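Protein chains: 2
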Amino acid sequence: MSRRVIVRGHSSTHTGLCQWPAEYHAAMPSSPHRVTAIAGDGVGPEVVASAVRIIEAAGVAIEWEWADAGAEVFRRGDSSGVPRETRDSIERTRVVLKGPLETPVGLGEKSANVTLRKLFETYANVRPARELPGVPTRYAGEGVDMIVVRENIEDLYAGIEHMLAPDVAQCLKVITRKGSEKVIRYAFELARREGRRKVTCATKANIMKLTDGLFKRVFEELAEEYAVEAIEAEHLIIDNVAHQFAKAPAQFDIVVTTNLNGDIISDLASGLVGGLGFASSGNYGDDVAIFEAVHGSAPKYAGKDVINPTALILSSVMMLRHIDEAAAADTVEAAVLTTLESGTVVTADLARQTGSDIEHAASTSAFTDAVIANLGRSPAATPARAVRPTGPAPAPHPRRSYAPEVYAGIERGLAGLDVVVESDLAADALGAEFESLAGERFRVEFVEARGTVVYPATGLASDTVRAFRARLVASDGTVLGEEDLVSLLGRVSERLRWSEAIRLQVLDGEPAYTKAQGQ
Amino acid sequence: MSRRVIVRGHSSTHTGLCQWPAEYHAAMPSSPHRVTAIAGDGVGPEVVASAVRIIEAAGVAIEWEWADAGAEVFRRGDSSGVPRETRDSIERTRVVLKGPLETPVGLGEKSANVTLRKLFETYANVRPARELPGVPTRYAGEGVDMIVVRENIEDLYAGIEHMLAPDVAQCLKVITRKGSEKVIRYAFELARREGRRKVTCATKANIMKLTDGLFKRVFEELAEEYAVEAIEAEHLIIDNVAHQFAKAPAQFDIVVTTNLNGDIISDLASGLVGGLGFASSGNYGDDVAIFEAVHGSAPKYAGKDVINPTALILSSVMMLRHIDEAAAADTVEAAVLTTLESGTVVTADLARQTGSDIEHAASTSAFTDAVIANLGRSPAATPARAVRPTGPAPAPHPRRSYAPEVYAGIERGLAGLDVVVESDLAADALGAEFESLAGERFRVEFVEARGTVVYPATGLASDTVRAFRARLVASDGTVLGEEDLVSLLGRVSERLRWSEAIRLQVLDGEPAYTKAQGQ
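In order, the protein sequence lines correspond to chains A and B.
Everything in the first sequence is counted per the numbering used here, starting at 1 for the first residue and increasing by one.
Everything in the second sequence is counted per the numbering used here, starting at 1 for the first residue and increasing by one.
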């Protein structure tokens, strides 16, 4: 019955925000939780319906605000994929339960899933990966029970891309101290709250000393602070983390990492414990939290009542904990684990994995019914995970102030300018050109192609791609001013086609830029 | 005996390039191969010694040019870690067998391993991951036998980093058509040469449409070309690849990917088949090839004769194939597999994995002796892998010309300028400031923070980090010229602290830059 209501709710959202039918309001307690529900694309409506039905059956009173996002919104001409009414609803409810969203090719440039996460500053993407009963994997019995906490706003996911020349593309990877501190602190607080004993930080700081190096330094600072809570902190290089996930995943507890790394290793972690059909996910900000399955919209299964809804149900368990319905969360989680453990109601994806009878696999709605029937039961062999607070949670506070006066106190120096140009000149000729453009106030430190020095000549033939970066620094004894930078760029623009210019700063006496390879 | 010679060779390299002792030259055939041998740091000298001894025992005549790189070189004050004499040797021999190199903290900013790969334009990093006999893993018996081909020059590994403001770091990810074509063509040629049937391309093109999108498009172009060879081509998103590596790794044959992705998934692949102690690696360029173990220098084991040399021995097998010693390569490989399969000579790392007797584990030199004793034998249960050419290899040719005239024919437009500034202003005030700086020829399209639009106001409170990017585009009816860009930047520099400026190009009618999130 409720399933039909939900489908109706979803259909009517095409004309805007849709409230839960009035007859449901009457049955609810006086101040129910309010949650924005986004049915999403493909199999989204079915898995969201499943979770909603189970939550209702568990007795949690939620006033759902049904809202649109995804494919249909793009097709209506909204290039963000997230319409105003949906944003307004989330501003009101501050909690979202959503199905997967599609970004139709050619209609939207940006994923609506990512846009939602960014617009509401949900900076911590939390991805548990725990061994599940009845889900056979190569790692079963090893006790894998980790959470990947992925930074959700910064890094290459900012999606800032430019062509520096034809056939030469650039994407900016941005990492900030504030963004790093927020997600790392979230990870440590999560460890504290769940009584977990170790936080592993995964970066490529050995290669990217400024960006990933910053993330690592912030981690080390916060690790000191949480050492008093007896939470172990370690930093591992991201490639080693991937390697260790395959070799000995049970060693991990909480892993905190940058956005793209987190994307990769969280899906890897899901792969160790049964796959995306079981992978729950929460996106947490200071104000808003968004709960979603990790899997895509799987359009070929849409409307067929065959998809495994476990991922979204487990995401809704995270949601229940977030809205202080911890008992209901435990009840629903135990019912899901009991259903999986029983092995009698098996969805097609799992039947395929276990080699059992796909013809008689359970439908989405039959699996949902089974979970509802198991509300109140606990799995025999899977101990409940304690996720209650282990003590009073102090309001997280920034370790450092980010106030203007802090930054005003930093001693500034101007070392020069990096200029990217597109040119058909050979490296030597281009170097000579820059020498003549440098003028009295600059000298050419190097010209590089794809990160490797090509001028002054190294005697080696690096392949070039018509895009070069020249580093011009202050001549001996010169103190550069703002006008020197603009004037230099003006001279360059008269003779070369420049596509990018980056200031070389000195902050508190330290160069705020890296060397080139081979320098 | 030869082991002692190698150690002597390594010790004497501190004063420069060291030739193989004269008495060895006399015993060699008239035109032996020449290979630059770099013993490296930590356990490097021991594993290189092992491989060299086995190659000699297999009867391959190689004139080794012993050369320095790594920790000792950094300590001598060479900030590249790769001295001139070593570069000269590689220019002569064009083949390198090397141990791991350290980059001591505080002495070198760039990894000497990476510098070597870049200086010699070894653009294809080839990382086989094949199930090995006697090496128990969770995936044993599934027939994992894949090769990850990793782009080795571009991407974030170019290591171009700047602070855009205090606490705001940026790294440039650069992807080019030429660099992509080289490595993707290498992957398809490798498939052809080894008779492999599938090449999988792994990117994050759904998020990074210009950079990873370019890599994917080049892959799709080349896939058409190789379709006539009946080589299957597929593109998968990198997070799905990581997920599938955990769930069903035997489905993969050759996987080609960008540099950092490749770093992560190649180590993951190694983890599936026994770990870095067994992970061989070749770095191939058009002129030079560098063969090395993937593992680090493991200083705590240095000089103790306990390290497992299998990774470097298998890398030297790749080297033998590269220098047309295919028969010797097969012989050495078979001897290694026979030794592993026998299970009687087990190094400490493997004993630890299998839970067998670590006290009586084989030393590095005992394992080497065992492999030499097995030269000529073949493993009982492991079929030999055919790696001989499957037909005449046509010289790879670029699919597209990269000549200047091609680029001269591209129609150019100038759409505007992205300017990154550091500011304590609120988003609205900063937007107003840019409006007043835009002048008649520009208008403000947006101001964003960490990729998300903050001006014009979206009504949402994205957290900011004192670095903002403003996009200024041509006012209606304005055709921008070079001087407009410089003049705009001049106006900005009088009122705001700018740290980066990027030209917005239009190439053949298409915007050569992406939208902001929420735009």
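Be careful, since some hints might not be right.
[Said to hold, decoys possible] Taking lysine-lysine and the DSBU-like style, the derived pairs with C-alpha atoms no more than 35 Å apart in a straight line are:
no.: 1; chain 1: B; residue 1: Lys198; chain 2: A; residue 2: Lys198
no.: 2; chain 1: B; residue 1: Lys178; chain 2: A; residue 2: Lys198
no.: 3; chain 1: B; residue 1: Lys178; chain 2: B; residue 2: Lys247
no.: 4; chain 1: A; residue 1: Lys304; chain 2: B; residue 2: Lys209
no.: 5; chain 1: A; residue 1: Lys247; chain 2: B; residue 2: Lys247
no.: 6; chain 1: B; residue 1: Lys209; chain 2: B; residue 2: Lys198
no.: 7; chain 1: B; residue 1: Lys178; chain 2: B; residue 2: Lys209
no.: 8; chain 1: A; residue 1: Lys247; chain 2: A; residue 2: Lys209
no.: 9; chain 1: A; residue 1: Lys304; chain 2: B; residue 2: Lys304
no.: 10; chain 1: A; residue 1: Lys198; chain 2: A; residue 2: Lys209
no.: 11; chain 1: A; residue 1: Lys178; chain 2: B; residue 2: Lys304
no.: 12; chain 1: B; residue 1: Lys300; chain 2: A; residue 2: Lys300
no.: 13; chain 1: B; residue 1: Lys247; chain 2: B; residue 2: Lys209
no.: 14; chain 1: A; residue 1: Lys300; chain 2: B; residue 2: Lys209
no.: 15; chain 1: A; residue 1: Lys178; chain 2: A; residue 2: Lys247
no.: 16; chain 1: B; residue 1: Lys198; chain 2: A; residue 2: Lys300
no.: 17; chain 1: A; residue 1: Lys198; chain 2: A; residue 2: Lys247
no.: 18; chain 1: B; residue 1: Lys178; chain 2: B; residue 2: Lys198
no.: 19; chain 1: B; residue 1: Lys198; chain 2: A; residue 2: Lys178
no.: 20; chain 1: B; residue 1: Lys209; chain 2: A; residue 2: Lys247
no.: 21; chain 1: A; residue 1: Lys209; chain 2: A; residue 2: Lys178
no.: 22; chain 1: B; residue 1: Lys304; chain 2: A; residue 2: Lys247
no.: 23; chain 1: A; residue 1: Lys304; chain 2: B; residue 2: Lys198
no.: 24; chain 1: A; residue 1: Lys178; chain 2: A; residue 2: Lys198
no.: 25; chain 1: B; residue 1: Lys247; chain 2: B; residue 2: Lys198
no.: 26; chain 1: A; residue 1: Lys304; chain 2: B; residue 2: Lys247
no.: 27; chain 1: A; residue 1: Lys247; chain 2: B; residue 2: Lys300
no.: 28; chain 1: A; residue 1: Lys300; chain 2: B; residue 2: Lys304
no.: 29; chain 1: B; residue 1: Lys178; chain 2: A; residue 2: Lys304
no.: 30; chain 1: B; residue 1: Lys247; chain 2: A; residue 2: Lys209
no.: 31; chain 1: A; residue 1: Lys304; chain 2: B; residue 2: Lys300
no.: 32; chain 1: A; residue 1: Lys209; chain 2: B; residue 2: Lys209
[As the list claims (entries may be wrong)] Selected chain B positions facing chain A (Cβ under 7 Å, derived; list incomplete):
no.: 33; residue: Thr115
no.: 34; residue: Lys173
no.: 35; residue: Val306
no.: 36; residue: Arg441
no.: 37; residue: Val479
no.: 38; residue: Ala501
Calculated from the structure, these hints are not laboratory results.
Predicted, not measured: the structure shown is a model, and the values here were computed from it.
Backbone N, C-alpha and C define an ideal beta-carbon position, used for all residues, glycine too.
Evaluation of the provided hints:
Distance check on the hinted pair: B/Lys198 and A/Lys198 sit about 40 Å apart at the alpha-carbon level, beyond 35 Å; violated. Only pairs whose Cα atoms come within 35 Å are accepted, and B/Lys178 paired with A/Lys198 is rejected, the gap being roughly 44 Å. As the CA atoms of B/Lys178 and B/Lys247 are separated by approximately 33 Å, the hinted pair is consistent with the 35 Å bound. Proposed proximity of A/Lys304 and B/Lys209 is supported: the alpha carbons are some 32 Å apart, at most 35 Å.
The hinted pair formed by A/Lys247 and B/Lys247 meets the criterion: a straight-line CA distance of about 14 Å does not exceed 35 Å. In summary, the hint linking B/Lys209 to B/Lys198 is supported, as the alpha carbons are separated by about 24 Å, within the 35 Å threshold. A C-alpha spacing of about 17 Å is found between B/Lys178 and B/Lys209, which places the hinted pair at or below 35 Å, so the restraint holds. Using a Cα cut-off of 35 Å, the hinted pair A/Lys247 and A/Lys209 holds, with the two alpha carbons roughly 27 Å apart.
At most 35 Å may separate the alpha-carbon atoms for a hinted pair to count; A/Lys304 and B/Lys304 exceed this at roughly 63 Å. Using a Cα cut-off of 35 Å, the hinted pair A/Lys198 and A/Lys209 holds, with the two alpha carbons roughly 24 Å apart. For the suggested pair A/Lys178 and B/Lys304, the alpha carbons sit about 45 Å apart, so the restraint of at most 35 Å is broken. A threshold of 35 Å between alpha carbons decides the hint, and for B/Lys300 with A/Lys300 the separation of about 54 Å lies outside it, so the pair is violated.
Only pairs whose Cα atoms come within 35 Å are accepted, and B/Lys247 paired with B/Lys209 is accepted, the gap being roughly 27 Å. With a C-alpha separation of about 25 Å, the suggested pairing of A/Lys300 with B/Lys209 holds against the 35 Å cut-off. Using a Cα cut-off of 35 Å, the hinted pair A/Lys178 and A/Lys247 holds, with the two alpha carbons roughly 33 Å apart. For the suggested pair B/Lys198 and A/Lys300, the alpha carbons sit about 25 Å apart, so the restraint of at most 35 Å is met.
Distance check on the hinted pair: A/Lys198 and A/Lys247 sit about 18 Å apart at the alpha-carbon level, within 35 Å; holds. Taken as a hint, the B/Lys178 and B/Lys198 pair is honoured in the structure, with Cα atoms around 22 Å apart against an allowance of 35 Å. Under the criterion of a C-alpha separation no larger than 35 Å, the hint pairing B/Lys198 with A/Lys178 is inconsistent with the structure, at around 44 Å. Note on B/Lys209 and A/Lys247: the hinted pairing holds, with a Cα-Cα distance of about 33 Å set against a maximum of 35 Å.
Note on A/Lys209 and A/Lys178: the hinted pairing holds, with a Cα-Cα distance of about 17 Å set against a maximum of 35 Å. As the CA atoms of B/Lys304 and A/Lys247 are separated by approximately 25 Å, the hinted pair is consistent with the 35 Å bound. With a C-alpha separation of about 32 Å, the suggested pair A/Lys304 and B/Lys198 falls inside the 35 Å cut-off, and the hint holds. For the suggested pair A/Lys178 and A/Lys198, the alpha carbons sit about 22 Å apart, so the restraint of at most 35 Å is met.
A threshold of 35 Å between alpha carbons decides the hint, and for B/Lys247 with B/Lys198 the separation of about 18 Å falls inside it, so the pair holds. For a cut-off of 35 Å, the pair hint linking A/Lys304 to B/Lys247 stands: about 25 Å separates their Cα positions. With a C-alpha separation of about 22 Å, the suggested pairing of A/Lys247 with B/Lys300 holds against the 35 Å cut-off. The straight-line distance between the Cα atoms of A/Lys300 and B/Lys304 is roughly 58 Å, outside the 35 Å bound, and the hint therefore fails.
Distance restraint check for B/Lys178 and A/Lys304: the Cα-Cα separation of roughly 45 Å exceeds the 35 Å cut-off, and the hinted pair is therefore not satisfied. Only pairs whose Cα atoms come within 35 Å are accepted, and B/Lys247 paired with A/Lys209 is accepted, the gap being roughly 33 Å. For a cut-off of 35 Å, the pair hint linking A/Lys304 to B/Lys300 is broken: about 58 Å separates their Cα positions. Simply put, A/Lys209 and B/Lys209 have alpha-carbon atoms about 26 Å apart, close enough for the 35 Å limit, and the pair holds.
For B/Thr115, the interface hint holds, since its Cβ comes within 7 Å of a Cβ in chain A; the closest pair sits about 6 Å apart. Interface restraint check for B/Lys173: the shortest CB-CB distance to chain A comes to about 4 Å, inside 7 Å, so the restraint holds. Because the closest C-beta pair between B/Val306 and chain A is about 20 Å apart, greater than 7 Å, the hint is violated. For B/Arg441, the interface hint is violated, the least distance from its beta-carbon to any beta-carbon of chain A being 15 Å, above 7 Å.
Hint on B/Val479 is violated. Least Cβ distance to chain A is approximately 16 Å, over the 7 Å limit. Against a cut-off of 7 Å between C-beta atoms, the interface hint on B/Ala501 holds, since the closest Cβ of chain A lies about 5 Å away.
Hint check: violations occur at hints 1, 2, 9, 11, 12, 19, 28, 29, 31, 35, 36 and 37; the rest are consistent with the structure.
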